[in-house]
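> Same order as they appear, the protein sequences are chains A and B.
Here the first sequence is numbered in the working numbering, starting from 1 and rising by one per residue.
Here the second sequence is numbered in the working numbering, starting from 1 and rising by one per residue.
Simulated from the structure, these hints should not be mistaken for laboratory data.
Hints are not guaranteed to be accurate.
Where chains are identical, the list cannot tell them apart; a pair therefore holds if satisfied intra-copy or between any two copies.
Listed next, the in silico DSSO-like pairs over lysine-lysine satisfying Cα-Cα at most 30 Å (straight line) [stated by the list, open to error]:
#: 1; residue 1: 522; residue 2: 266
#: 2; residue 1: 95; residue 2: 408
#: 3; residue 1: 182; residue 2: 522
#: 4; residue 1: 408; residue 2: 333
#: 5; residue 1: 332; residue 2: 522
#: 6; residue 1: 95; residue 2: 333
#: 7; residue 1: 333; residue 2: 266
#: 8; residue 1: 523; residue 2: 182
#: 9; residue 1: 408; residue 2: 266
#: 10; residue 1: 408; residue 2: 332
Protein chains: 2
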Amino acid sequence: MNRLLLSLSALLFCLGALAQERVERWGCYEISLPAAVSGNPFDVALSATFASGGHSVTVRGFYDGDGVFRIRFMPPEEGRWTYVTASRVPALNRKRGSFDCVAPSAGNHGPVEPDGRHFRYADGTRYYPVGTTAYDWMHVGDEAAAQTVESLRESGFNKLRMLFFLHNLPVEYPDVYPFVRKADGSWDYTRFDPAYFHYVERRLLALQAIGVEADLILFHPYDGGRWGFDRMSLEANLRYLSYITARFSAFRHVWWSLANEWDGVKGIPAEDWDRFAAAVSAGDPYHHLLSIHGYTATYYNYFDPVFTHASIQDHGPVLERGRAHTVSQIYKKPVLFDEVCYEGNVGSRWGWLSGQEMLRRMYNGLMCGTYVTHAETFNAEAGTSAEDANNFLAYGRTFRGESWKRIKFLRAVLDDLPNPPGLADHNWDEYTTTAGEGCYLIYFGNEIRSEWVFDLPVKNGPWARPQAGEKYRVEILDTWNMTVTPCPVVFETAAPGRYRIRDKEGRSVRLPDTPYLLLRIKKI
Amino acid sequence: MNRLLLSLSALLFCLGALAQERVERWGCYEISLPAAVSGNPFDVALSATFASGGHSVTVRGFYDGDGVFRIRFMPPEEGRWTYVTASRVPALNRKRGSFDCVAPSAGNHGPVEPDGRHFRYADGTRYYPVGTTAYDWMHVGDEAAAQTVESLRESGFNKLRMLFFLHNLPVEYPDVYPFVRKADGSWDYTRFDPAYFHYVERRLLALQAIGVEADLILFHPYDGGRWGFDRMSLEANLRYLSYITARFSAFRHVWWSLANEWDGVKGIPAEDWDRFAAAVSAGDPYHHLLSIHGYTATYYNYFDPVFTHASIQDHGPVLERGRAHTVSQIYKKPVLFDEVCYEGNVGSRWGWLSGQEMLRRMYNGLMCGTYVTHAETFNAEAGTSAEDANNFLAYGRTFRGESWKRIKFLRAVLDDLPNPPGLADHNWDEYTTTAGEGCYLIYFGNEIRSEWVFDLPVKNGPWARPQAGEKYRVEILDTWNMTVTPCPVVFETAAPGRYRIRDKEGRSVRLPDTPYLLLRIKKI
Chain A
1 MNRLLLSLSA
11 LLFCLGALAQ
21 ERVERWGCYE
31 ISLPAAVSGN
41 PFDVALSATF
51 ASGGHSVTVR
61 GFYDGDGVFR
71 IRFMPPEEGR
81 WTYVTASRVP
91 ALNRKRGSFD
101 CVAPSAGNHG
111 PVEPDGRHFR
121 YADGTRYYPV
131 GTTAYDWMHV
141 GDEAAAQTVE
151 SLRESGFNKL
161 RMLFFLHNLP
171 VEYPDVYPFV
181 RKADGSWDYT
191 RFDPAYFHYV
201 ERRLLALQAI
211 GVEADLILFH
221 PYDGGRWGFD
231 RMSLEANLRY
241 LSYITARFSA
251 FRHVWWSLAN
261 EWDGVKGIPA
271 EDWDRFAAAV
281 SAGDPYHHLL
291 SIHGYTATYY
301 NYFDPVFTHA
311 SIQDHGPVLE
321 RGRAHTVSQI
331 YKKPVLFDEV
341 CYEGNVGSRW
351 GWLSGQEMLR
361 RMYNGLMCGT
371 YVTHAETFNA
381 EAGTSAEDAN
391 NFLAYGRTFR
401 GESWKRIKFL
411 RAVLDDLPNP
421 PGLADHNWDE
431 YTTTAGEGCY
441 LIYFGNEIRS
451 EWVFDLPVKN
461 GPWARPQAGE
471 KYRVEILDTW
481 NMTVTPCPVV
491 FETAAPGRYR
501 IRDKEGRSVR
511 LPDTPYLLLR
521 IKKI
Chain B
1 MNRLLLSLSA
11 LLFCLGALAQ
21 ERVERWGCYE
31 ISLPAAVSGN
41 PFDVALSATF
51 ASGGHSVTVR
61 GFYDGDGVFR
71 IRFMPPEEGR
81 WTYVTASRVP
91 ALNRKRGSFD
101 CVAPSAGNHG
111 PVEPDGRHFR
121 YADGTRYYPV
131 GTTAYDWMHV
141 GDEAAAQTVE
151 SLRESGFNKL
161 RMLFFLHNLP
171 VEYPDVYPFV
181 RKADGSWDYT
191 RFDPAYFHYV
201 ERRLLALQAI
211 GVEADLILFH
221 PYDGGRWGFD
231 RMSLEANLRY
241 LSYITARFSA
251 FRHVWWSLAN
261 EWDGVKGIPA
271 EDWDRFAAAV
281 SAGDPYHHLL
291 SIHGYTATYY
301 NYFDPVFTHA
311 SIQDHGPVLE
321 RGRAHTVSQI
331 YKKPVLFDEV
341 CYEGNVGSRW
351 GWLSGQEMLR
361 RMYNGLMCGT
371 YVTHAETFNA
381 EAGTSAEDAN
391 NFLAYGRTFR
401 GESWKRIKFL
411 RAVLDDLPNP
421 PGLADHNWDE
431 YTTTAGEGCY
441 LIYFGNEIRS
451 EWVFDLPVKN
461 GPWARPQAGE
471 KYRVEILDTW
481 NMTVTPCPVV
491 FETAAPGRYR
501 IRDKEGRSVR
511 LPDTPYLLLR
521 IKKI
């Protein structure tokens with residue numbers, strides 16, 4: 001997809017609303033209002049209240065340059081919506097209008113919301129986050145960005161972590177920045193450059209078009225003194241958060257990640273992060289997903305109800321099976337391990353996993369009902385420049401590793417489940433995951449077994465327990481080679497023992513001598 | 001120690017104050033006030049304000065039967081203290097007095113307080129909780145209680161979990177209960193029976209005398225319909241908490257455990273526990289340690305600042321090395337795994353650990369800077385009654401297992417450390433624990449190794465990192481056989497690598513072929 005296509009998609013999703021009078025549910029309705037104002041147009045307060053069937057939502061607008069103000073709205077319900085604007089600027093005040101919100105088109109399930117320890121889309125469809133990371137993909141040019149989108153579509157990932165502010169990478173960035181410069185060359189943090197936001201929006205909407213959630217990182221410590229966006233004043237930070245939430249909240253697929261490695265952002269006092277969380281939450285009328293990510297094993301106060309989920313950097317809980325269960329039990333909200341080291345060859349311990357190990361960690365988390373984010377980081381090959389590296393973690397573009405190829409298979413495993421996964425019997429049995437009545441997964445990780453004797457826990461998480469005389473089929477899934485092999489035996493349960501229930505004849509499943517096997521067990 | 005001795009010790013600690021005019025710091029000063037009141041004397045509000053050097057503390061009194069009211073006070077500072085009482089009952093009002101608070105005697109370090117993720121006594125002495133459990137030891141008679149105290153003194157445990165309310169065990173209990181009965185045989189929850197509190201106090205003070213902290217469990221689900229103390233009204237529950245905090249808060253070694261397995265107490269609505277936590281905290285002017293304990297892997301909201309520490313039932317985090325680190329990183333307050341299954345032979349999976357496994361789990365927790373509580377539960381031997389069982393978990397009395405014998409050795413390991421332990425390099429190295437600059441522990445658990453190559457992480461938790469040219473001695477501790485064997489080699493560090501630092505000659509420690517070894521490594 002080239003720049004023209006990206007622009008067209010943005011046009012269709014947002015600007016199109018003006019012409020149409022019809023917007024789909026969870027789409028983006030946009031009001032454009034020209035107005036000449038004295039002073040800084042970014043200081044103008046503007047809002048609109050949208051009403052439908054006794055329900056009303058007030059959203060803030062923003063200045064978009066060239067004398068145009070915009071107000072974006074994501075209608076949460078179908079039906080006729082009317083609006084009226086409010087501003088001290090007469091040209092922006094008491095503007096009225098209406099539109100019809102129609103049924104969502106295929107692939108539009110609404111924003112992702114927390115659902116206990118898991119997620120669902122607003123339309124009730126289950127959402128299992130299977131994400132990857134490309135910090136600077138939005139900022140390295142249209143061609144690279146188009147490559148990234150194609151790679152994601154190919155891979156099957158449904159979430160991407162990315163930086164809003166530029167990363168200090170050894171590449172040439174387009175000469176466009178979030179703020180405009182003053183005459184002395186320093187940034188004017190009171191004036192945004194809409195051109196930067198326009199291209200970010202094109203990127204975001206390109207992800208939306210392929211069903212990838214945008215986990216947008218609002219601050220990060222990788223500025224390296226190059227631009228200084230990691231050490232703005234508190235006032236500038238809050239102004240930025242106000243503006244970005246006014247602009248992007250109407251995009252249904254945006255998640256707010258306050259920071260990557262917040263404790264590395266030395267220019268922001270630790271106590272400001274709670275304030276930022278409150279600011280983002282207050283600035284976003286739809287309360288999109290919100291979290292914050294720290295250094296290894298930092299564990300921010302994710303208990304604060306402002307955080308919809310925990311976005312954790314720590315490989316400890318996914319080093320072996322069963323460990324992530326404790327983290328899920330503690331937080332009682334969705335747990336994402338957004339950094340568990342990366343597949344790659346960079347010579348640092350956080351980036352030298354094999355593809356097998358990356359994938360094993362993802363399954364270790366999933367078996368406990370937690371979600372593990374992929375990333376890969378490969379150095380440039382000898383004789384090429386840094387920019388030539390297939391370093392998806394930094395630039396996006398194309399994958400070079402092995403684990404990404406197994407993501408569609410992994411998602412198919414998840415999508416097949418009747419309910420989200422979780423350990424059936426706490427850490428009494430760290431192998432057996434339940435996904436509801438009569439549905440189990442058993443993951444062997446890097447162990448090689450010759451057989452699995454049919455043997456399940458009597459406890460079954462929150463679900464109905466297995467009983468005597470039930471018939472089960474078992475499939476052998478090879479998570480690395482992506483094969484599904486049905487076992488010909490139909491098992492039948494004996495009477496449950498105190499802790500375990502077995503096949504009445506003690507039968508077992510023969511297993512191939514390969515690692516990374518997953519058994520899928522279903523009651524007939 | 002027989003009943004007479006227990007009574008004498010109570011007398012010395014508490015009642016003695018009246019005669020003496022001198023009470024040691026963190027001792028118990030008691031005012032006794034006779035008063036004839038109309039109505040229920042337990043409804044009388046009584047308090048005293050104690051003042052010394054510009055500092056004042058108001059504490060509540062309580063009715064103790066036989067026409068006597070008492071007010072107990074734990075002076076937090078040395079010096080002259082004066083007091084004045086307050087009550088609507090004239091005989092209890094405006095009583096004034098004074099006493100001298102003198103230096104604490106040997107063994108009195110004051111109450112235990114949280115100190116980051118660890119504990120210290122109020123006098124600054126480090127306190128490492130190494131506890132065991134004897135739910136009903138207070139309620140099974142004076143002789144059994146005296147046996148329990150002797151067993152604890154012998155073993156070296158410094159904390160005991162115990163139930164305030166009777167456990168429904170197959171034994172005859174003394175015919176004394178926390179409440180008096182009405183004419184119809186039902187409990188009068190507005191009138192306490194001081195006799196019950198008197199014997200509980202004797203038991204508590206017997207623990208204080210041997211340096212054992214009393215982790216007092218205020219509610220539990222083991223009533224079995226026998227007395228109904230697990231399904232009192234909210235009003236009765238709050239009255240009970242008010243009375244017990246007024247009586248016991250002046251005992252420096254009392255900890256409040258709101259419940260054992262709170263989620264099993266079906267007579268108490270889940271939302272009441274937060275209210276109880278607030279009531280205990282408000283009723284205790286010294287803010288003794290306070291937590292709550294649930295079923296396996298329940299994880300109450302220990303983030304609430306009212307809880308001084310997490311008191312967890314879950315064996316998952318101590319099944320293998322390194323796992324408990326995550327829990328400590330999450331809570332950032334002291335973590336006690338107060339139930340990780342028990343040494344015993346009871347035929348239930350929570351009570352069939354070997355002594356070796358019990359001890360290994362304790363070390364697994366300690367190496368991560370968390371604390372694991374011991375317990376043992378052995379069935380009665382064939383041909384004997386349940387009451388004859390050496391079931392320390394239920395009755396106290398005498399230990400029958402193997403792990404308790406290793407507790408003094410374990411405590412000596414801890415007491416030798418310059419600082420509390422914790423992983424040196426997060427889960428990048430799950431073997432190596434640091435206790436400060438130049439001090440490490442490496443625990444091999446049930447692994448048998450022929451040697452350990454001198455090889456430490458460069459990261460050292462919050463402490464100064466090892467440098468080139470440092471000299472180290474290594475001792476081999478056998479945690480099961482309780483031996484300490486110095487290694488004759490003096491190691492010398494090479495220049496640190498990126499992640500690891502090694503001996504400049506690559507030397508190693510020869511190890512005996514036994515499990516449960518711990519290396520203690522100290523810079524010379």
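> Does each hint fit the structure? Answer for all of them.
How the hints compare with the structure:
no. : hint       : verdict
1   : 522 to 266 : neither (51 Å within a copy, 34 Å between copies)
2   : 95 to 408  : neither (47 Å within a copy, 79 Å between copies)
3   : 182 to 522 : neither (65 Å within a copy, 58 Å between copies)
4   : 408 to 333 : within (25 Å within a copy, 41 Å between copies)
5   : 332 to 522 : within (27 Å within a copy, 41 Å between copies)
6   : 95 to 333  : neither (41 Å within a copy, 54 Å between copies)
7   : 333 to 266 : both (29 Å within a copy, 25 Å between copies)
8   : 523 to 182 : neither (68 Å within a copy, 56 Å between copies)
9   : 408 to 266 : neither (39 Å within a copy, 45 Å between copies)
10  : 408 to 332 : within (28 Å within a copy, 38 Å between copies)
When the structure is compared with the earlier hints, violations turn up for hints 1, 2, 3, 6, 8 and 9 and for no others.
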